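Listed below are the residues making up each chain.
2 protein chains.
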Amino acid sequence: MDKTLRVGIAGLGHVGADVFRLLHEHADLLSDRTHRRIVVTAVSARDKTKDRGIDLSSVTWHDDPAAMAGDDNVDLIVELMGGAEGAAFDLVKKALEAGKSVVTANKALVALRAPDLLSILENGKGAIAYEAAVAGGVPVIKGLREGLTGNEVRAVYGILNGTCNYILSEMTATGRDFEDVLKEAQAKGYAEADPSFDVDGIDTGHKTAILAGIAFGCVPDFKSVSIEGIRGITPLDIQFADELGFRIKLLGIARQTEDGIAQSVEPCLVPKNTPVANVEGPLNAVYVDGDYVEKVLFVGAGAGGRPTASAVVADIVDMACDQYLPLMGTYKPAKLKPADMGARIGSYYLRLNVLDKPGVIADVSAILRDNRVSLETVLQRGRDPGQPVQVILTTHESTENAIKAVTQQIAALDAAVEPPHVMRIEGF
Amino acid sequence: MDKTLRVGIAGLGHVGADVFRLLHEHADLLSDRTHRRIVVTAVSARDKTKDRGIDLSSVTWHDDPAAMAGDDNVDLIVELMGGAEGAAFDLVKKALEAGKSVVTANKALVALRAPDLLSILENGKGAIAYEAAVAGGVPVIKGLREGLTGNEVRAVYGILNGTCNYILSEMTATGRDFEDVLKEAQAKGYAEADPSFDVDGIDTGHKTAILAGIAFGCVPDFKSVSIEGIRGITPLDIQFADELGFRIKLLGIARQTEDGIAQSVEPCLVPKNTPVANVEGPLNAVYVDGDYVEKVLFVGAGAGGRPTASAVVADIVDMACDQYLPLMGTYKPAKLKPADMGARIGSYYLRLNVLDKPGVIADVSAILRDNRVSLETVLQRGRDPGQPVQVILTTHESTENAIKAVTQQIAALDAAVEPPHVMRIEGF
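For the record, the sequence lines run as chains E and X. For this note's numbering, add 2 to where a residue sits in the first sequence, where the first one is 1. For this note's numbering, add 2 to where a residue sits in the second sequence, where the first one is 1.
Since the hints were made in silico from the structure, they are not lab data. These figures come from a predicted structure and were not determined experimentally. Hints may be right or wrong, so weigh each one.
Since copy identity is lost for identical chains, a pair holds within one copy or between any two.
[Stated by the list, open to error] Capping the alpha-carbon separation at 20 Å, the derived lysine to aspartate or glutamate pairs in DMTMM-like fashion look like this: (1) 96 - 293; (2) 297 - 416; (3) 95 - 124; (4) 337 - 34; (5) 127 - 324.
Use the sequences and the hints to build the structure in full.
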C-alpha cells in the first residue's frame with residue numbers, strides 16, 4: 003500500500019457532502035483500485051453547525067478555505083465553492099502555488115480564468131482536474147481529452163444544461179408554455195429562483211467554452227460564444243418541430259470551420275429518431291466528432307450531488323495515481339481563433355406569423371430567392387383570411403448571414419405580425 | 003520534449019494500417035499532447051508485398067512477430083493479430099516478460115487469457131491496455147475503469163456487436179427476414195463469410211466478460227456467460243415488439259444480483275423512446291449503472307479501421323504518459339461468482355404459435371397462474387378457427403425459472419404448433 007492521500011474539501015453543499023460520503027462509503031473499493039488510502043482530513047464551509055448527515059468529528063474544520071492550502075495535513079484540495087472570482091480562485095491559486103493539486107467542479111473558474119490558471123500551473127508543481135465541470139457525472143472530459151486523444155476533433159456539441167432540457171422535455175410532453183413549466187421546475191428544485199444563468203444559456207456557454215478549449219487545444223474563450231437561451235421557445239414551435247420530425251434541444255456547439263472555431267449556444271431542431279433527441283429530463287448528452295472515430299456520444303446525469311461526486315472522485319483517484327494532464331490537454335494551448343458566425347452554414351427552421359392574405363407567400367418566396375436561400379418545406383396550418391396564421395419554413399443549407407437578411411426582410415413586410423422565429427436544424 | 007516512444011505494430015490489417023496512418027498524420031498533434039514523439043519503428047504482418055497505402059520503407063520488417071519483443075528499437079508493442087492462442091499470446095507474453103508494454107485490440111485474449119496475463123504482469127514490468135477490445139472507438143473501458151471508478155457498479159450492458167445491430171436494424175426498417183439481411187450484410191462486408199462468431203453472440207460474450215471483469219473487479223469468466231444469438235428473431239417478433247412499443251436489440255448484460263454476477267447475451271426488447279433503442283446500424287452502445295452516477299451511456303462506432311485505430315492510439319498515448327492501471331482496474335481481482343441464472347428477475351415477451359380453438363387461452367392462463375407469472379399484455383392478431391395464430395404475451399416481473407417452466411408447459415399443449423419464442427424486456 004502506498005502513502006495515504008489526504009484530501010481537504012472546500013464547500014459542503016450537496017456535492018461536497020456526497021464526495022465526503024462516497025470517499026467514506028467506498029474507501030476499501032478505492033484503495034483496491036489505487037493501492038492507496040484516500041482520507042478526508044480537512045473541510046471548510048460557511049456554516050459549521052448545519053446538519054449534512056456526515057460525521058465531521060475526525061476532520062479539521064477551517065473557517066477560511068484558503069487556510070487549507072497551507073494545512074500540512076492536506077495533500078489535495080477539492081474546490082466545490084463555485085464562482086470564478088473571490089474565495090474559490092484564491093484557494094486554487096494558493097494550493098497550486100504550494101504545490102498541491104486541485105480537483106474542482108467549478109465551470110466558471112475554468113471557462114473564465116484559464117489564462118490565469120495556466121500561468122499559475124506553469125510555475126507551480128500542482129495540477130488541476132475538473133471532470134465535474136461539464137456534464138456532471140458523465141466522464142466526457144476524460145473521454146474527450148484522453149479517450150479520443152488520437153483524433154483531430156471536428157466538433158463537440160450537446161445538451162449541457164439539465165434545467166433547460168427538463169423544461170423543454172416537459173413542454174414537449176405536456177404542451178404547456180415556458181413560464182408555466184419554469185415555475186414548476188423551480189418548485190421541484192430543478193431550476194433556481196433566479197433561473198437566468200441556466201435558461202439564458204450562460205451555464206451552457208461556460209461548458210461549451212471548456213469543451214472547445216480541450217477539443218481544439220485552445221485557451222477557453224467564453225466571450226466569443228454566441229449565446230441564445232430558451233425563453234423564446236413556444237408550444238407552437240415544439241408542435242411544428244414535432245410535425246416536421248424534430249425535437250427542440252438547447253445545444254452548446256463548438257465546431258472547426260474554415261475560418262476558425264464557431265462556438266454557440268442555441269435551441270436547435272434535432273431529428274426525433276436520433277439518440278440525442280431521446281435524451282429527456284435533466285440528463286446531459288455530449289457528441290464528439292473526431293476525424294478517426296467519427297461521432298461518439300456520452301449521456302448521463304448532468305447535475306445532482308451523487309453523480310457530480312462520482313466525477314469529482316474520478317479526478318481524485320487520477321491524482322492519487324499521479325495521472326494528470328495539461329489543463330487543456332496540450333502542452334501548447336493556442337489562442338482560440340473565433341469563426342465569423344455569419345458565415346456558418348446550416349439548415350434553418352423559420353416560423354412566420356403573418357396575415358393570411360394573397361401575395362404573402364409570393365413576397366416571402368421572393369425574399370428567399372433574392373438571398374439565395376432554398377426552401378425544403380413549407381407548412382401552413384389552417385386558413386383564416388385577413389387574420390394572423392403560422393407559416394413554417396425549413397431551408398436547405400445556407401449561411402447564417404443569408405438567414406439573418408431573410409429574417410429582417412420578412413419582418414419588414416406589411417403582412418408580418420411579428421419577426422420570424424428562427425432555429426438551426428442540426429443533422430446528427 | 004521527452005524521450006521518443008518507439009512503437010512496433012504486429013498485424014497490418016485495416017486497423018493496423020490505420021494506426022500506422024494516424025500516428026504519422028497526427029504526429030505533431032500527439033507530440034503537443036504527450037510531450038513526446040511517437041514513432042513506428044517496426045512492423046510485422048503476413049504478407050510483406052501487399053499494398054496497404056502506407057510507406058513502410060523506414061521501419062524494420064519482422065517476419066516473426068515475436069521477434070519484435072526482443073527488438074531493441076521497440077519500446078511498446080501494438081498487438082493487432084487477434085486470437086487467444088498462438089502468435090498473439092506468444093508475442094504479448096514475450097513483450098511483457100521483456101518489460102515492454104502492450105496495447106491490444108484483442109478481445110478474445112483478454113476475455114479468455116486474463117488469468118495468464120495477470121500472472122505474467124505480476125512478474126514483468128510492462129502493462130497491457132485494451133481500449134479497442136470493447137466497442138471499437140468508443141472509450142468505454144476508460145470511461146468505466148477510470149471515469150466511473152468512484153462507483154460500485156450495479157450493471158453494465160449494451161449493444162456490443164455492430165454486425166448484429168446492423169442486421170436487426172435492417173430487419174426492423176425493411177421487414178425482411180434474418181437470412182436475407184445476413185446475405186446482404188455479407189455482400190457489403192458488414193458480416194463475415196462464417197458469421198457465427200457474431201450472430202451467435204460469441205463476440206458479444208467476450209466483450210461482456212471483459213466489461214464484467216472491470217465493472218466488478220473480477221477475472222473475466224467467459225464460460226459463465228449465458229449466450230443466445232439472433233438467428234431465431236423473425237420479422238413477426240420485430241413487428242409485434244413494435245406494436246408493443248419496443249425495438250429488439252442483442253444485448254450483452256452483466257449485472258450484480260443477490261447471489262452473484264449474472265452474465266448473458268440475448269436479444270431483448272427495449273422501449274422505443276430510449277436512446278439505446280435509437281442506436282441503429284453498426285453502432286455500439288454501452289450503459290454503466292453505478293451507485294453514485296446512476297446510468298451513463300456511451301455510443302459510437304464499434305468496429306472499422308479508423309475508429310478502432312482511435313482507441314488503440316488512445317492507449318498508446320496513455321503508455322507514452324506512463325498512465326496505466328491494473329489489468330482489471332483493481333489490485334485485488336477476485337474470482338467471479340456466477341449468479342444462478344434461473345433466479346434472475348425480469349419481464350418477458352412470449353410469442354405463441356397456437357391453433358385458434360376454444361380453451362387455448364384458458365389453458366395458457368392456467369399455466370401462467372400455476373407458475374405465478376402475471377400477465378401485462380395479451381395480443382392476438384386476426385382469427386382463423388382451427389388454424390395457427392400468433393398470440394403475444396408480456397409478463398410482469400418473474401423469475402427466469404418460472405418463465406422456462408411456462409414455456410415448456412405451453413409447448414406441451416396439444417394446440418401448440420411450435421414452442422413459444424421468448425425474449426427478455428429490458429427497462430432502461
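Okay, the hints, checked on the actual structure:
| no. | hint | in the structure |
| --- | --- | --- |
| 1 | 96 - 293 | neither (40 Å within a copy, 34 Å between copies) |
| 2 | 297 - 416 | neither (45 Å within a copy, 52 Å between copies) |
| 3 | 95 - 124 | within (12 Å within a copy, 40 Å between copies) |
| 4 | 337 - 34 | between (41 Å within a copy, 15 Å between copies) |
| 5 | 127 - 324 | both (12 Å within a copy, 18 Å between copies) |
The structure fails hints 1 and 2 (numbered hints given earlier, in ascending order).
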